[in-house]
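J.: The primary structure of each chain is shown beneath.
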Amino acid sequence: MNIDRRQFFKVMAAGSAVAVGASPVQARQCKALPPDAIGILYDANLCIGCKACEHACKDANDMPVSSNGPIDQAHGVVGAWDGDDDLSGRTMNKIKAYVAEGSRTDLDDPEASFIKRACMHCIDPDCISACPVSALTKDPFTGIVSYNPDACIGCRYCQLACPFNIPKFQYDKAFPQIVKCQLCAPRIAEGEIPACCDACPTGASLFGRVEDLREEGHRRLAMQPGEREEFPLNQLGGATREAEAQSYYPHLYGEKESGGTQYLMVAGVPFDKLGMPPVGEESRARLSETLQHTLYKGMVAPGLLLSGLVYAAYQHTRDERDADHADHLEREQDDD
Amino acid sequence: MTETFRPLGGKLFTRHFQFMGVLVLIAGYFLIRRFVFGIGDVSNLSDGFPWGLWITYDVVTGTAIACGGYAMALLVYVFNRGQFHPMIRAALLTSVFGYTLAGASIIVDVGRYWQLYNVFLPQYINLNSVMLEVALCVTLYTLVLWIEFSPAILEAMKANRLLRFLRHILFFFIGVGILLPTMHQSSLGSLLLIAGYKVHDLWQTTIIPLLFLITAITMGYGIVVFESLYASVNLGRKLETPLLAKISAIIPWLLIVYLVLRIGDLFVTGNIRAIAAPGPEPFLFLAEVALFLCAIIALADKHHRTRPTILFWSSLAVVLGGALYRFDAFMIAFDPGPGWHYFPAVGEMSITLGIVAFEIMAYLFFVKKTPILAAEH
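Which chain is which? The protein sequence lines are A and B, in order.
For the first sequence, position 34 matches number 34 in our numbering, and the numbering has no gaps at all.
One gets our numbering by counting positions in the second sequence from 1 and adding 1000 to each.
You may find that some hints are simply not true.
Label-pair distances were calculated between CB atoms; the ranges are [as the list claims (entries may be wrong)]: (1) B:1036 x A:319: 33 to 43 angstroms; (2) A:282 x B:1113: 12 to 22 angstroms; (3) A:297 x B:1375: 41 to 51 angstroms; (4) A:27 x B:1260: 25 to 35 angstroms; (5) B:1264 x A:191: 52 to 62 angstroms; (6) A:281 x B:1035: 54 to 64 angstroms; (7) A:282 x B:1276: 21 to 31 angstroms; (8) A:319 x B:1161: 17 to 27 angstroms; (9) A:319 x B:1283: 43 to 53 angstroms; (10) B:1278 x A:272: 13 to 23 angstroms.
Covered by chain B, according to a simulated footprint, are these stretches of chain A (three or more residues, beta-carbon under 8 angstroms) [what the hints assert, rightly or not]: (11) 35–42; (12) 113–120; (13) 169–181; (14) 211–218; (15) 275–283; (16) 288–297.
Residues from chain A that keep clear of chain B, each with C-beta distances beyond 12 angstroms, as calculated [stated by the list, open to error]: (17) 49; (18) 51; (19) 87; (20) 97; (21) 241; (22) 250; (23) 301; (24) 302; (25) 308; (26) 311; (27) 318.
Bear in mind the hints are in silico, worked out from the structure with no lab data behind them.
The beta carbon of each residue, even a glycine, is placed where N, CA and C say it ideally should be.
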C-alpha cells in the first residue's frame, strides 16, 4: 500500500509541475475603453439640485415616481419630486445633497454640494465578472453595461461585487429583477441622449464620448474660480451657456477608479465626503479573474488532480470490490 | 474493510423528532411567505447586504460542516487509512444532507429561482465568474455524494445486482468526490475577492481560497469527531474513541498550517494593523484564533485525545472557529459602506433553523432505517 501512496504523490507532483510550468502566473490584461464609448460627465458645481433628471429618468424607464408625504407637503405640490431617498429597486438615478457638519444648507456654502448617483458604467465592471449567467453585459461599442432579466438568476453577486453599490434588487417583489441605470440604451439607439442629460437645465449632466468628456473634465479642473466660462448644455458639441466657474477639487472621479468608468464626476469637495467609496485604481475583477484563470487554466491542474485521485481511489477500493464479490458469492450460496 | 453496516432500528417518532418537525413547519410558513411576497417580506437582506444568513450559514458554513465526507474520503482513499472505513458512511450521510439542503436553500435565496437552470446553459454561463464555478461544483458534488451514498440505500432495498455494479465503478465517483470540494470550498472564499474593500482587512486576502480550503477540511474532521461522539451518546452506541483519537491527531497540524498562513499573510500585506482599529472586528478575529488555539493545545497531547470530553469540546471549537471565520468574512465584518446594517430577521432565522431541523430528522431516519453505522461487535 505504501507503494500506491508513493505512486500517488508521484502523479500529484508531476501534475503540479505541469500545471505550474504550463501557466506562469500572469495577470489578466486591463480592459481598455472602447474608442466610441459614451458616458456622462456630472459637474456638482453646476448642479442646482432641481432633480429634473430624476423625474426624467423615471419617465424614460417607465417607473412610477414615488410619493413622499413630507416632500409633497413642504413644496405644496404632489408628484413633482421623486420621493425615494436613495437608489433602490424603484430608482436608478438619485441626486443627493452634502452639507458639512454644522453648516447651513445654503447653496452658496462652498462646503455644500450635490452628488448624482447612478451606474458608473465601468470600463472593467466587477458586476459583469461576477455574474454567473452573463445577465450583465458590456456593449463593445458604446460600453453601456446593461442587464438581461431573462438570464438573471437573482443571486445578487453583482451587488456584492460592485464597488459603487449600484445594482439594486427588488426585495419587495415575488418575481424580482436587478435595477440599474442602462444609460437609456433604447434612447441612444434612436439617436437621442440619456433622459437625465436631456432634462438637465444647467449642463450638470453632460452626455458625450468618454474621451471628450475626460478632456472637458480636465478643462473644468483647470478653470480659475470666478472667471466667466462656457459650459455645454445636455451634450458636448451642442448649445452652451456662460457661467462663473467655481473652485474644483482637483480630481476627475472615474478617470482611474476601479479601472476607469464612463460616468465621470467633478465637484468642489473631495469625493469621499460626497459618499464615494474607497475604490482602488484597479478593478477587483482583474484580481479575481487572474486567480481563477491561473488555477483553472485549461482545466489542466484539476484534470491532473482528478486522474491522481481516481487512480488512488481505484487502488484503495480494491479490497472492497473483492470483499463485495466474496460477500455475494456467500450470499448466493445462502439463498440456495 | 469487511465490516458490515446495519440499521439501528428503534422508534423514529420520538419527542425529539417531533420537536424538529415543529421547527420545520414554522420554516414552512415563512417559506410560503417568501415565495408569495418576496425575499424582503421574511428577511432583512438589503441592497447593502445582499447576502445574509442564508448564504453565510446554509451555503458557506453548511457545506463546510458537510465536509466530513470529503475529509474522510481524503483519509481513507488518498492516504489509504482503511481503518477509518467504518466511519465513512456516517460522514457521507451528513455530507449528503448538508449539501442537498445547501442546494435547496439556494432556491430560497436567489431571487429568480425559476431561471436557476441558466447556470447550466452554455449560452449564458460566464467562465470568469467565481459564482459559476461554485454553482456547478456544488450541484455536481451533491449528485456525486448521492451516488457515493447510494450503496446504503441499495443495501436497505436489497438491490444486489445494482449494488455490485456500483461497487465496481464507485472509485471514479470517489475521485471526483474529492476533486469537487477541493475546487468549490476554496472558491467559496474566492467569492469575496471581488468585494474588495467591503470585506474587512483582517479577512480580505488573495490567499482566501487556500484559507477556506484548509478550514473546510479541518471542520470536516472536527464534525466527524463531534458527530460520532454526539450520536454515540444520544443513540446509545459504544464510543469510537480510538478511531476518533487518530482522526483528531490530524487537526492540530492543519490548524497550525492555517494559522501560520493566515497571520503570516496579515503581516506580509501589512493588514495586521487593522487589529488596532476600533470596533468589534479585532475581537472577532482574536476569538477565531483563540478557538483554534484551544483545539490545537487540547489535541496536541496524545493522552488528551483519548478522552471523549476533550475530544468533544475541542472538535466543537474547531467547527465553531471555522464557522465564525465564515460568518465574520461574509456577514459580521462585511461593510458595504456607511448606513448599511444587517441582522437576520426572524423569518430568515426560522427558515435556516427549519433546514437544520430537517437535516437532523433525515439523519435520524436514515441511521435508524438504513445501514449507515457500522455494526457493533
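J.: Would you mind marking each hint as holding or not holding in the structure?
T.: Structure-based check of all given hints:
no., hint, result
1, B:1036 x A:319: 33 to 43 angstroms, "54 angstroms, violated"
2, A:282 x B:1113: 12 to 22 angstroms, "34 angstroms, violated"
3, A:297 x B:1375: 41 to 51 angstroms, "47 angstroms, holds"
4, A:27 x B:1260: 25 to 35 angstroms, "26 angstroms, holds"
5, B:1264 x A:191: 52 to 62 angstroms, "58 angstroms, holds"
6, A:281 x B:1035: 54 to 64 angstroms, "43 angstroms, violated"
7, A:282 x B:1276: 21 to 31 angstroms, "27 angstroms, holds"
8, A:319 x B:1161: 17 to 27 angstroms, "21 angstroms, holds"
9, A:319 x B:1283: 43 to 53 angstroms, "50 angstroms, holds"
10, B:1278 x A:272: 13 to 23 angstroms, "19 angstroms, holds"
11, 35–42, "violated (count 0)"
12, 113–120, "violated (count 0)"
13, 169–181, "holds (count 9)"
14, 211–218, "violated (count 0)"
15, 275–283, "holds (count 5)"
16, 288–297, "holds (count 7)"
17, 49, "20 angstroms, holds"
18, 51, "20 angstroms, holds"
19, 87, "8 angstroms, violated"
20, 97, "15 angstroms, holds"
21, 241, "35 angstroms, holds"
22, 250, "23 angstroms, holds"
23, 301, "10 angstroms, violated"
24, 302, "6 angstroms, violated"
25, 308, "8 angstroms, violated"
26, 311, "8 angstroms, violated"
27, 318, "9 angstroms, violated"
In terms of the numbered hints stated before, the structure departs from hints 1, 2, 6, 11, 12, 14, 19, 23, 24, 25, 26, 27, listed from lowest to highest.
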